[in-house]
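*Asks:* What follows is each chain in one-letter form.
Number of protein chains: 6
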Amino acid sequence: MKRRGVYAGSFDPVTYGHLDVIKRGAQLFDELIVAIATNISKSPLFTLDERKEMLIESTAEFDNVRVDTFDGMAVDFVRKVKANALLRGIRTISDFESEFQMALTNRTFAPDIETVFVMASLEYSFISSRLIREAGSLGGDISNFVPPTVAKKLEKALAKK
Amino acid sequence: MKRRGVYAGSFDPVTYGHLDVIKRGAQLFDELIVAIATNISKSPLFTLDERKEMLIESTAEFDNVRVDTFDGMAVDFVRKVKANALLRGIRTISDFESEFQMALTNRTFAPDIETVFVMASLEYSFISSRLIREAGSLGGDISNFVPPTVAKKLEKALAKK
Amino acid sequence: MKRRGVYAGSFDPVTYGHLDVIKRGAQLFDELIVAIATNISKSPLFTLDERKEMLIESTAEFDNVRVDTFDGMAVDFVRKVKANALLRGIRTISDFESEFQMALTNRTFAPDIETVFVMASLEYSFISSRLIREAGSLGGDISNFVPPTVAKKLEKALAKK
Amino acid sequence: MKRRGVYAGSFDPVTYGHLDVIKRGAQLFDELIVAIATNISKSPLFTLDERKEMLIESTAEFDNVRVDTFDGMAVDFVRKVKANALLRGIRTISDFESEFQMALTNRTFAPDIETVFVMASLEYSFISSRLIREAGSLGGDISNFVPPTVAKKLEKALAKK
Amino acid sequence: MKRRGVYAGSFDPVTYGHLDVIKRGAQLFDELIVAIATNISKSPLFTLDERKEMLIESTAEFDNVRVDTFDGMAVDFVRKVKANALLRGIRTISDFESEFQMALTNRTFAPDIETVFVMASLEYSFISSRLIREAGSLGGDISNFVPPTVAKKLEKALAKK
Amino acid sequence: MKRRGVYAGSFDPVTYGHLDVIKRGAQLFDELIVAIATNISKSPLFTLDERKEMLIESTAEFDNVRVDTFDGMAVDFVRKVKANALLRGIRTISDFESEFQMALTNRTFAPDIETVFVMASLEYSFISSRLIREAGSLGGDISNFVPPTVAKKLEKALAKK
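Chains as they are written, first to last, in the working numbering: chain A, 1 to 161; chain B, 1 to 161; chain C, 1 to 161; chain D, 1 to 161; chain E, 1 to 161; chain F, 1 to 161.
Calculated directly from the structure, the hints in this document are not laboratory data. Small disclaimer: the values here were computed from a predicted structure and weren't measured. Check before you lean on any hint, since a few could be wrong.
Which copy? The list can't say, so a pair holds if one copy fits it or any two copies do.
What the hints assert, rightly or not - Straight-line C-alpha distance at most 25 Å; calculated BS3-like pairs for lysine-lysine:
(1) LYS80 / LYS160
(2) LYS23 / LYS160
(3) LYS82 / LYS2
(4) LYS156 / LYS82
(5) LYS156 / LYS42
(6) LYS23 / LYS80
(7) LYS161 / LYS82
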């Protein structure tokens, strides 16, 4: 049986933390689908196409990873692509609490889909897309947090605002 | 002495989690008043009248429960209706932290009013009105989370948006 | 219907924190039974009789509080004395986690018995019998934590060791 | 590539919570090895042979699960059996904190071995072997927590003490 | 070597909780700079000048405390004023989690700057500027939470809205 | 005014985590006293002399750090050596909860003594003396956690047991 996992998120933009989780997921599953949510409530900094492009570039080294987009609930996408599990990266304790609640909700909607957690590297364990957008807008050097091409695009995007 | 409790919230909409807490509160107090806050900051999905109607319908089976609305601080309402305690339902650890802070604040404003916590059933321990509104708007089946009449109204309300 | 609550513990010795919870419970229930567990695993500092005597003295001011002892599971004692609920005092977040687990276990053994939580006063929110025994044995002044008669007995008990 | 996971513990005795995690692990990995630690510090209630026998019986229904024992560090056993990952079941928030610390330690000792977390079913999320031993010794009915054959053996083991 | 600390925030408005932390910081450092962030995202209730005025008034009693404003990242301000450390007040457990994440981020941006935490007094440990603005707008008596002059200004500011 | 801090513990044995906190404390205070508790309840692996020797060796590089021992309560030692503050290192969330409780207790016994927290480096944030003793006894390589001389002594001490 082929084991297929889905790593869903808004990736606005992709960070080294995300890539660390993707690397771990690529080893855990035969195929890992990185799925960008199209219907996030807040207006994203990057367009869906930009976010997809950055993800494809950043995950090019992984043979068994592909990038996709989805609309609606993540568990419905998992079923649609015949995956077995949702992959989540745990960063901090407080992170886990909301992850826990989301996983329990997903289990109610789709008891057949497992949520699988891996731990991000400690060095990436406290970064988030929101934090990076904020730090970038305050003039902070974010090169430790995102790949170089993403850093450049973030700079441009923030300059436009 | 008659023991009277107040269970305050925005109930937008009422969920099986709320009803589970109400059932427990109805056994703990001689009278339980379910009090809908009229001055919540975010624009609610349902009008005050709709929320009240759904609550009255859903709590019809409890003889010692009545539904009311209040403006201002919950502790002032507790005093006005000569109740002894605020009832709160605990769902998760992270939930408890904000509950704890709110209860401490209420104690400062009204040292004579006790906040009493009961634990919601595990099966309802992770649902919230916000989660249900979100899931509903993404096309999820929310029939496990709210009474049938609420589910129908939620469907209509989300379709209008 | 008469509402009767049980506040169970080892009370080795009773602290101002316990007495604060007892005061709140005495207002919440028509009758509150403070129940000393006789089968605690670790060897207690005080004998059962000493603990009972200290509790009776310290709770003398509350008309609707009585002190008892129990063997076995707390929920079985609750049933035996025809009480409706177990009262617990919440002191800190970490406290709540173990309280939560114990309450869930009790619910499995006895779904008809509610666990009801009240918040201890902030000033007593971090003290515990263990802490007081430790501080006392290190020569700390524990008069802020326990009633004067308990402080005297603690001093004697620690001197004997 | 065959994906092999290890689920290590003392299983003193195996509970429905463990079996729930094993079921989830059996779906996540091509092979799951349930590994009983032989060098736990506290004196176990059941002998190694008894714990192994109960686990073999309780996991008979899973084709890709086998039971083994290990001495020393779990990560060394993972390497010895050429597995890729340690499986852990998350039960509560407080549980996760110690799990998190253990997983970080394991990562330091063995960076190539991933720790993978799945969530136990809510109904089993608060039970532990220790709790069951305690409840059993207090005369509680533990049939909701462990398989019938384990319940019988636990009764006998506690009667002997 | 002179030890200089920075206590940064939006202070909208300053509370007794802030002042408690400032008092502790004034004892810990040779000089403490209270730094008001000018670029907070949400529209503040008080103007920068009002917030500065209230802080200067409220900290007049401390000889080694001065009030300043800053734009951009707090760590850049710490460097600019040749301070050694960022001072933070811990109020609750949940508070600490976000503090922890912020401090880790700051450490990445500026490894040479230490974040130093002190514990606010228990009686101020649950109040926040947001809570006070909310309570004030609901008609609550906030005189236990802020200095009298701040209370007056808050009343006026909320009346205008 | 000279600022003097005390960093108290059992240091059984000193770890890279402790040394990281000591380095930070040496920058925060004019003088830092590392104080070994002589009255820890559990029987230590190393004698007081061994622990002191390892600490003196490991902190030789810091001019303003000296090692001492104390009996009784840490706050009494702080007063005796005319220090202003207790230094504590925060490692994880769960760590903070017990730290918080200890600091509040200390504040009750000695309101004039501040507890000051710094964050250990992430890479040392999950190690503890207990964990290292355990890992060492299971044959794990602990060279990433303690200085080389400590590692050697630990090996010998565990071999003797």
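*Asks:* Hint by hint, work out which the structure violates, then give me just those numbers in ascending order.
*Replies:* 1, 2, 4 and 7
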